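Using the sequences plus the hints, can you model the full thing?
Chains as they are written, first to last, in this note's numbering: chain A, 81 to 285; chain B, 81 to 285; chain C, 1131 to 1465; chain D, 1131 to 1465.
The hints are simulated quantities; they were obtained by calculation from the structure and are not laboratory data.
As the structure is a prediction and not an experimental result, all values here were calculated from the model.
From the three backbone atoms N, C-alpha and C, an ideal C-beta is built for every residue, glycine too.
Coverage of chain A stretches by chain C, computed from C-beta distances (three or more under 8 Å per stretch; other residues unrestricted): (1) 121-135; (2) 152-166; (3) 248-260.
Among the chain D residues that face chain B by a calculated CB cut under 10 Å, a handful are: (4) Thr1273; (5) Ser1275; (6) Val1330; (7) His1352.
From the derived model, a few chain C residues whose C-beta atoms are all more than 10 Å from chain A: (8) Ala1157; (9) Leu1304; (10) Ala1308; (11) Asp1381; (12) Ala1416; (13) Leu1424.
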Amino acid sequence: MTTVDLAQTQAWLADFAAAIHENAALLTDLDRQIGDADHGSNMDRGLTAVAALNADDFADTAAYLKKVGMTLVSTVGGASGPLYGTFFLRFAGALPAAADAAGLGAALRAGVEGVAARGRAEEGDKTMLDALAPALRAYDEAVGEGVRPALEAAAAAAATGRDATVPLVARKGRASYLGERSAGHQDPGATSATLLLESAARNLG
Amino acid sequence: MTTVDLAQTQAWLADFAAAIHENAALLTDLDRQIGDADHGSNMDRGLTAVAALNADDFADTAAYLKKVGMTLVSTVGGASGPLYGTFFLRFAGALPAAADAAGLGAALRAGVEGVAARGRAEEGDKTMLDALAPALRAYDEAVGEGVRPALEAAAAAAATGRDATVPLVARKGRASYLGERSAGHQDPGATSATLLLESAARNLG
Amino acid sequence: MGLVKKLINDASDVVADALRGIEAAHADRLRIDHDHQVILRADAPRAGKVGIVSGGGSGHEPLHGGFVGRGMLDAACCGQVFTSPVPDQVMAATTAVDAGAGVLHLVKNYTGDVMNFEMAAELAAAEGVQVEAVVIDDDVAVTDSLYTAGRRGVGLTVLMEKIVGAAAEEGLDLAGLASLARRVNASGRSMGVALTSCTVPHVGRPTFDLGEDELEIGIGIHGEPGRERRPMASAREVAAMLVEPVLADRDFTGAPAIVMLNGMGATPLLELYLMYGEVATLLREAGVEIARNLVGNYITSLDMAGCSLTVLGADDDMLRLWDAPVDTPALRWGL
Amino acid sequence: MGLVKKLINDASDVVADALRGIEAAHADRLRIDHDHQVILRADAPRAGKVGIVSGGGSGHEPLHGGFVGRGMLDAACCGQVFTSPVPDQVMAATTAVDAGAGVLHLVKNYTGDVMNFEMAAELAAAEGVQVEAVVIDDDVAVTDSLYTAGRRGVGLTVLMEKIVGAAAEEGLDLAGLASLARRVNASGRSMGVALTSCTVPHVGRPTFDLGEDELEIGIGIHGEPGRERRPMASAREVAAMLVEPVLADRDFTGAPAIVMLNGMGATPLLELYLMYGEVATLLREAGVEIARNLVGNYITSLDMAGCSLTVLGADDDMLRLWDAPVDTPALRWGL
Ligand SMILES: Nc1ncnc2c1ncn2[C@@H]1O[C@H](COP(=O)(O)OP(=O)(O)O)[C@@H](O)[C@H]1O
Ligand SMILES: Nc1ncnc2c1ncn2[C@@H]1O[C@H](COP(=O)(O)OP(=O)(O)O)[C@@H](O)[C@H]1O
Ligand SMILES: [Mg+2]
Ligand SMILES: [Mg+2]
Ligand SMILES: [Mg+2]
Ligand SMILES: [Mg+2]
Chain A
81 MTTVDLAQTQ
91 AWLADFAAAI
101 HENAALLTDL
111 DRQIGDADHG
121 SNMDRGLTAV
131 AALNADDFAD
141 TAAYLKKVGM
151 TLVSTVGGAS
161 GPLYGTFFLR
171 FAGALPAAAD
181 AAGLGAALRA
191 GVEGVAARGR
201 AEEGDKTMLD
211 ALAPALRAYD
221 EAVGEGVRPA
231 LEAAAAAAAT
241 GRDATVPLVA
251 RKGRASYLGE
261 RSAGHQDPGA
271 TSATLLLESA
281 ARNLG
Chain B
81 MTTVDLAQTQ
91 AWLADFAAAI
101 HENAALLTDL
111 DRQIGDADHG
121 SNMDRGLTAV
131 AALNADDFAD
141 TAAYLKKVGM
151 TLVSTVGGAS
161 GPLYGTFFLR
171 FAGALPAAAD
181 AAGLGAALRA
191 GVEGVAARGR
201 AEEGDKTMLD
211 ALAPALRAYD
221 EAVGEGVRPA
231 LEAAAAAAAT
241 GRDATVPLVA
251 RKGRASYLGE
261 RSAGHQDPGA
271 TSATLLLESA
281 ARNLG
Chain C
1131 MGLVKKLIND
1141 ASDVVADALR
1151 GIEAAHADRL
1161 RIDHDHQVIL
1171 RADAPRAGKV
1181 GIVSGGGSGH
1191 EPLHGGFVGR
1201 GMLDAACCGQ
1211 VFTSPVPDQV
1221 MAATTAVDAG
1231 AGVLHLVKNY
1241 TGDVMNFEMA
1251 AELAAAEGVQ
1261 VEAVVIDDDV
1271 AVTDSLYTAG
1281 RRGVGLTVLM
1291 EKIVGAAAEE
1301 GLDLAGLASL
1311 ARRVNASGRS
1321 MGVALTSCTV
1331 PHVGRPTFDL
1341 GEDELEIGIG
1351 IHGEPGRERR
1361 PMASAREVAA
1371 MLVEPVLADR
1381 DFTGAPAIVM
1391 LNGMGATPLL
1401 ELYLMYGEVA
1411 TLLREAGVEI
1421 ARNLVGNYIT
1431 SLDMAGCSLT
1441 VLGADDDMLR
1451 LWDAPVDTPA
1461 LRWGL
Chain D
1131 MGLVKKLIND
1141 ASDVVADALR
1151 GIEAAHADRL
1161 RIDHDHQVIL
1171 RADAPRAGKV
1181 GIVSGGGSGH
1191 EPLHGGFVGR
1201 GMLDAACCGQ
1211 VFTSPVPDQV
1221 MAATTAVDAG
1231 AGVLHLVKNY
1241 TGDVMNFEMA
1251 AELAAAEGVQ
1261 VEAVVIDDDV
1271 AVTDSLYTAG
1281 RRGVGLTVLM
1291 EKIVGAAAEE
1301 GLDLAGLASL
1311 ARRVNASGRS
1321 MGVALTSCTV
1331 PHVGRPTFDL
1341 GEDELEIGIG
1351 IHGEPGRERR
1361 PMASAREVAA
1371 MLVEPVLADR
1381 DFTGAPAIVM
1391 LNGMGATPLL
1401 ELYLMYGEVA
1411 TLLREAGVEI
1421 ARNLVGNYIT
1431 SLDMAGCSLT
1441 VLGADDDMLR
1451 LWDAPVDTPA
1461 LRWGL
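Next up, the structure:
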């Protein structure tokens, strides 16, 4: 049975940091269309700080991930800082030692629920939750197949959810100020959240 | 012997006002290149006020032209207001009753010298004097032929002087701040001064 | 991308570099915590006084840092450009200005600002600092509903910081200040218009593109597109586009009003005064009695051209606090 | 041409309309002579006091109208945009503020301003008003020579109006004020840079075009092109382009300096403070002791992006007058 270890977890975050850096201009450009043009630079600043953490400094995966969450809270700012920070803090809090697919699923659920609670958003509000919530459902459905297949299903569902944000009228976050004019644009946070799950699927399990 | 009367004089100013109005955008655009983009609107504002004067309100041509000068001083502003104002005030002061070509020449000389005195400029400084001074010389040379031919010679000399401002480096007025960069542009004031003489040649004598 | 056309060094250092300039300019009255990018009153904390802390993304100057000083804020947290400050910054500001009487957070209603201030308040409470937060949401351009993020906090923030800051200076306690702030928020409304978007240093191109003959109506302060695009109009017509939705949202007759006509950053003062003339005429025609006014750049959006109108229906208390002495870099009177 | 993209009604009415707004905003302290487009202290003329009159083209706000009030100007003459006022305006201002002690004209060195003020002074003298004029020419971007129009008057005008205005408020007589003004003029230098030109309302397009990667160095305050075009540079490099020619023109070591970092109209305050940080560092490294400073939009060029630096080598008298109370719409302290 595959379990998630500290090295894998750090690889996940390193991969996510690289993906954010590569996509920073895209994320900012999406945010430019229906927001304030900073999602890419916000996330890039935070993940650069996360990538600088040394896994050897931490007793276990949960401790490392807790620090990841605190680092994001302390460096990202904006809406995405507390949301991604909460995701990792709750994720870390729910992650069992030597987590298997089910354990990882519990952590993922805690993380996603943390985002929903912190942001008071629901699916369909055109936020990162529109990628995270379907990803969690897909993960749970595939959890019996093991960590990697479940994460692959989650990443695919996140991408579908991200694409489905395009026609939505935003009800939460900055895009909501645009009202009807927010329709026709892809949500930046759902885009970065999909990168998060894609990195997970490439590195965990 | 042709003399200059009040009706002719008013026709001159009306024609000048029309010429300025037609060329306002050009004058402003010339000023935009080496100045502050207001020569056209300045002159247009002033000549609109001049055109509204009623010649019947004045005892003679000199009184009318004095009012023209005062009106320009009071409405144009900038460098051209005092300069054109002074031109007409001095012109009016030197104009004999029922002026013939020589009398008109004396008035023209007084006007041009007034501009030079007020502006402390010399020919070659890239100002309106570069049109006015050669015009005066040409007028004096042709004065024996009568008002109309002398004014036609003056207008042609003004145009030549105006064109000759293009290569000059400005030493007076706002264009002087540009130093060498003022070369290659036609002086706006020399351009409007040429219109003044062309209107005179069309209406006086 | 070449150098973005701004007076900056590196886009990532804009806030840090500007803070050095603010320190050089105002060392006599302000103290800068460069680690946390917090601007503090040089004499903070003041014994017995409730600390007033605000902050948000940078790019709205003079808000908030220009309003730190006697009679207004004790501290301002400077986030990155258009990015809410992080909880560490708010926490540092909060503990630095707390003198035992507690700290009031004045928070503009943006998801990021609200969450980051909330997290900081939790941290501060855990350290025994009494914190209250009041959220400002005065922008009538945004439809309010239970299901949305609600209205943005915009121009009223300036009036709020002045009035609440004056009350804190007078010694009002934390509960009293929070309730005053909520009264101010309930009585103020704003509406903005843009002639151009603005360019975020990191991005190097305008956040939105607007045709030469278009206006963006109902904009916020982050260069985000507004609610509606309309054909370019005269100042008189634009004034009506600002005044009408404000008056439609709240009845401002029957009480004196404090009116701010604010520039978004790139609009000449000449135009702001001209707009104020138009706005004041319309307000008076609608029966609003303008008791006080403020015309200028107070809450900006980098180099955006445009302006916003804020109207606050003031009671005697608010008027008195408005007139009270204030001594900050950007607002100073009655000393 | 469609509507020019500005918050105005008709381009010809910009000044008249803005004056109505200024009146609406500052009726408590200013009086407007709409016929002559003159802004006056509400309490002018003041018995025994020399009247201080300035003015020039509009489009530089808050200069000059924003500096009318206690401790600064008695009247400001508002020409059309970028166009010197006509003698009638200056004459109206002069007679309105004369209380028998005479009137000092503070004139920026532009051919038009100088001639129009001169004509007005002749008219006023004819009516028995004692008038002195001091011409301000502080712009080191322009080569001075006997054969040219000389240097422009730019940023030093703000410092001049403050210092001379304070001395007039203290009761200094006309001759003393004129000599103080000449001392200030002799001790101050300025240099400006533009990132964009500006758009004159009547014209509807920028006065000059500048590439995305170009700076215009040595600009004045009328949107006119500068002395030189250079590639876009960092704030630190731009600061050197301003500081070096100023220090090359006059030795500012050995006496305290008053330094102004002024915005041209469309530059965010965030950038101005950032620039001030860079400029202050360079000045200090060059041995200049900055005793006082001013950062913000004080003498602008409509919607031009850019900034200017003014340095005044001050004696004790000037410093004291700088610190003296001032109470105008745009400058207020020490009350
Ligand atoms: N209330 C919320 N709940 C969940 N996600 C949200 C919420 N508000 C905003 N977001 C997400 O945050 C993203 C924007 O992040 P970012 O641009 O970094 O912050 P800001 O909006 O403060 O500038 C949005 O695209 C959206 O996915
Ligand atoms: N000292 C001077 N003597 C003669 N003509 C001058 C002088 N200074 C400027 N001019 C003329 O005035 C013209 C500019 O007029 P205008 O644009 O109306 O005024 P301003 O330069 O004040 O904006 C110049 O093109 C030049 O011909
Ligand atoms: Mg954003
Ligand atoms: Mg001109
Ligand atoms: Mg943001
Ligand atoms: Mg001019």
